[in-house]
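*Asks:* Here is how the chains run, residue by residue.
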Amino acid sequence: MNSRDDECVSQALTYVSYWFGIDPPNDVALRHATHIAALSRGLVNLRGSLDFGSEPSSFEAALKASKEQVTP
Amino acid sequence: MTLDDHSLLELGLCELADLVAAGEVSASEVTQASLDAAGTAGRAVNAFIAIEAETALQRAKELDSQRSKGAALGVLHGVPLAHKDMFYRAGHTITAGAAPSRSLTSAVTATVLERLEFEGAVTIGRLNMAEFALNPTGHNKHHGNCRNPFNLDYCPGGSSSGSGAAVAARTVFGALGSDTGGSIRVPAAMCGLTGLKGTQGRVSRHGVMPLSFSYDCVGPITRSAKDCARLMSVIAGADDHDPTCSREAVSSYERELDGDLRGVRIGYPANAFIDGVHVEVQQAFMDALEVYRARGAIVVPVEIPYFNAISTYTGIVQRAEMATIHAQWMRESPEDYAAHVSSRIYAGYTLPAVAYIEALSQRGALVKAFCKEAFSGVSALLTPALRMTVPTLAETDMDSGTPETEAKFLSVTDHARWVNYLGLPAMSIPCGMDSRGLPIGMQLVGRPFAEATLLKLADAFQLDSSWHAIRPNLLAKHSG
Chain H
1 MNSRDDECVS QALTYVSYWF GIDPPNDVAL RHATHIAALS RGLVNLRGSL
51 DFGSEPSSFE AALKASKEQV TP
Chain U
1 MTLDDHSLLE LGLCELADLV AAGEVSASEV TQASLDAAGT AGRAVNAFIA
51 IEAETALQRA KELDSQRSKG AALGVLHGVP LAHKDMFYRA GHTITAGAAP
101 SRSLTSAVTA TVLERLEFEG AVTIGRLNMA EFALNPTGHN KHHGNCRNPF
151 NLDYCPGGSS SGSGAAVAAR TVFGALGSDT GGSIRVPAAM CGLTGLKGTQ
201 GRVSRHGVMP LSFSYDCVGP ITRSAKDCAR LMSVIAGADD HDPTCSREAV
251 SSYERELDGD LRGVRIGYPA NAFIDGVHVE VQQAFMDALE VYRARGAIVV
301 PVEIPYFNAI STYTGIVQRA EMATIHAQWM RESPEDYAAH VSSRIYAGYT
351 LPAVAYIEAL SQRGALVKAF CKEAFSGVSA LLTPALRMTV PTLAETDMDS
401 GTPETEAKFL SVTDHARWVN YLGLPAMSIP CGMDSRGLPI GMQLVGRPFA
451 EATLLKLADA FQLDSSWHAI RPNLLAKHSG
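The listed protein sequences correspond, in order, to chains H and U. 1 is the number of the first residue of the first sequence in this note's numbering; add one for each residue after it. 1 is the number of the first residue of the second sequence in this note's numbering; add one for each residue after it.
Rather than coming from a laboratory, the hints here were simulated on the basis of the structure. Certain hints may be false.
Below, simulated PhoX-like cross-link-like pairs (lysine-lysine); rule was C-alpha separation at most 25 Å, straight line [to be verified]:
id, chain 1, residue 1, chain 2, residue 2
1, U, K141, U, K408
2, U, K372, H, K64
3, H, K67, U, K372
Just a sample of chain H residues kept apart from chain U, beta carbon distances all over 10 Å, derived [to be verified]:
id, residue
4, M1
5, N2
6, R4
7, D6
Values in this document were obtained by computation on a predicted structure and should not be read as measured data. All C-beta atoms, glycine included, are put in the ideal place defined by N, C-alpha and C.
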């Protein structure tokens, strides 16, 4: 965690309280909240690496399109 | 034919159904044996939240009466089952493994329960589970920890902990669980059982407590692939009550269990699920590959594509969805959750909406690209089910442990949860025992709607191995 991560986590706690009226229920929750820093880095690393993107409803169609072809 | 209770409970689900259908065993007789075992071995592993003896015996009596009148019999006629306590039955209460103050009731009965009972199954009770299906270990502060029948100090796996423990302890012949990130496959792996998570939408979720809309799957845990095929054939298929349930045709799962793997190609990961895998798990896995080769399969290394993207997106979707479902209780009474549950739910509120939508938006394209590359030359992928040997309850107790305990707890599902993002079918089957006498499992992953292929591969492995037939030590104490 760097200082920018610390700032982001702090802002996230404020955001959660503001939007949802929920405070960290325990110390473990505070520790879990810091995981967003690693998650953010994961998303940053993916930027530009995937050249596809569609809407969420495409998932069911994708499952059908990718199913096993059974040989008669 | 005369079988004592112990011998009855050692039968496979399909074998028992055949004997009941032939009139050699009555539904009442086997239901009583099952209830007795639930009260002894089942209690020792704390598998049951409720044992429903009166209704089970009444139901068994009705089934025996139907048989004596020559009525048509279902494929599960007289077979005792029990299920994770998250399937609604109209007018009755379920706990979802949570505090009694949060017990849930519904006006509907889960479609899967109706389908099993239409085929003649007898439900003998409701099974222990992780609180709101939110841990992979078996811990539960409200109903007591569930325990592994192979060694009571060890995890039975979760979140379908009671389903794994009850089936392994020979109290029932099969159980339903749910799988959002490994919750069928992990208890199957830890308890030496066979568990199947179908393709997303393969099995109805009508009347089932939700955790994550995009990932939740219902599926069976049994002692063998053949038994698993029987239960899956009953519960899979379209349901008008569940618009998310697929209308794809359901295969004849049992009919395809022919053991013939000549020329079938199986892939094992060349670039993932290797680092940090326990040496005993690695050895059991390599031995399993040889079993497949000996049966005529072609076993080849496969590069797992897009794994960083899949891993990153996997956690975002589940966290955001479970946080949404639990928001009201998190506001009103967060103290009613165990700390390991509320802390994980809380993390979901910190995620930006755009990250959640990005994860869902990429899902369709990623599953297409993944299948095109990973399955281009193989029918299924094979991985170790867990990276570790079965841990103890103490070393994964997040509520009283250290950050190291937490890390171990969180890594239990490393090999399982990515499959839920892709919505692919996956199974866990036993492939060895570790040096402490605990089961080791392996995971089969297939293309969408390839449940029949996975069951065939699992069944063929079990024709040439006996890991799935090993009885837990606990049973020596309770059944001799």
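*Asks:* Does each hint fit the structure? Answer for all of them.
*Replies:* Tested hints:
1. As the CA atoms of K141 of chain U and K408 of chain U are separated by approximately 19 Å, the hinted pair is consistent with the 25 Å bound.
2. At roughly 13 Å between alpha-carbon atoms, K372 of chain U and K64 of chain H fall within 25 Å of each other, so this suggested pair holds.
3. A hinted pair counts as satisfied when its Cα atoms are at most 25 Å apart, and K67 of chain H with K372 of chain U qualifies at roughly 10 Å.
4. Every CB of chain U is more than 10 Å from the CB of M1 of chain H (nearest about 13 Å), matching its label as outside the interface.
5. Once the 10 Å rule is applied to beta carbons, N2 of chain H is consistent with being away from chain U; the minimum gap is 17 Å.
6. Distance check on R4 of chain H: its Cβ is at least 15 Å (rounded) from any Cβ of chain U, clearing the 10 Å threshold; non-interface status holds.
7. A cut-off of 10 Å between C-beta atoms confirms that D6 of chain H is not in contact with chain U; the least separation is 14 Å.
When held up to the earlier numbered hints, the structure conflicts with none and fits them all.
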